[in-house]
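Build out the structure end to end from the sequences listed, making use of the hints.
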Amino acid sequence: MNKSLTTKEERLALFQEWFSDTIPHSKALGLKVIDARRGFASMQLEWREEFVGNPETGVLAGGPLTAMLDGCCGMAVATMLKEPMPFATLDLRIDYAKPATPGKAVIAEAECYRITSSVAFTRAFAHHGDPKDPIAAAAGTFMLGTKGQVTRAQSIGKETIGAEPKV
Amino acid sequence: MSALLERLAEVRKSGDVGRLAEAIPYARWMRIAPENGTGELLTRMRYHDDLIGNTFLPAIHGGTLGAMLEMTAIFHLLWETETETVPKIVNITVDYLRSARPVDVIARATVTKQGRRMVNVFAEAWQDDRAKPVATANAHFLVKSSDDAPPSL
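Heads up: the protein sequence lines correspond to chains L and S, in order.
Residue 5 in my numbering sits at position 5 of the first sequence, and the numbers go up by one each step.
Take any residue in the second sequence, count from 1 to its spot, add 167: that is its number in my numbering.
No lab work stands behind these hints, which were simulated from the structure alone.
Keep in mind that this is a model prediction, so the values were computed, not measured.
Derived contacts from chain L toward chain S, CB cut-off under 7 Å, selection only:
1) 28
2) 89
3) 93
Every residue gets a Cβ at the ideal spot worked out from N, C-alpha and C, and that includes glycine.
In structure tokens form, the structure reads like this:
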């Protein structure tokens, strides 16, 4: 039985508000939440001139992808938290598999595949629509129970109860 | 030759290294630029509110620290090495050591190993106290153009 109190649309609207609109840098990037369920998060980044690293080719700099992948991995962690708690990125590795195509939106998909009392492990890919043809791959680990107040984004785990991924 | 390498040649004559950032739209948008006022090449990310990731602490978004460490490595390779192409990033690993407060972030890169095609770079970012880094990174860059790889940052 689905115990979720919200529909998928309502859930995505909540994630959009808490994980993009209320995080100034995510908002500046214009990150759009396109999926969120237990252990999984997906976001989209529109191509913009100011994200370009090489103006001659129009290829995106690594930075916007790094920021999106960090945010997407963090959102995947938040979906796994049964109790709200502050957490922070411990390390993040990005492999740049191929340049992003100029003018095309980039989609990030992150999975939190293991969570312990102290650490959460995530993997993510960035692509243009085909996950088998990645632009970048990421591996991020997160420290749980860090100092500070719990943000709204970090207390969103309860919204994904009953929304486990369908395998 | 790319506009960035042309800019590099100009900057080498004028000595105004900060102008290197003007050729990179993302660096301009993020307010990330190199400086060498102390005789040492550093890269600074000027604080602005769009950098915030956690409004409660408040703290700068970790992704922006990774981005500025990557730019630090690129500026270092352009300025301090005899590169003939724009360095192409292969991968980067960022370690987050402390939360970054809402003030400027400064970083310094060093080449750990310079190969013919591949360079390994270490970069370290701090705020007020250089002895207390907020993040460090290791990155690999291709520095020799090959026929199939499109030029990119």
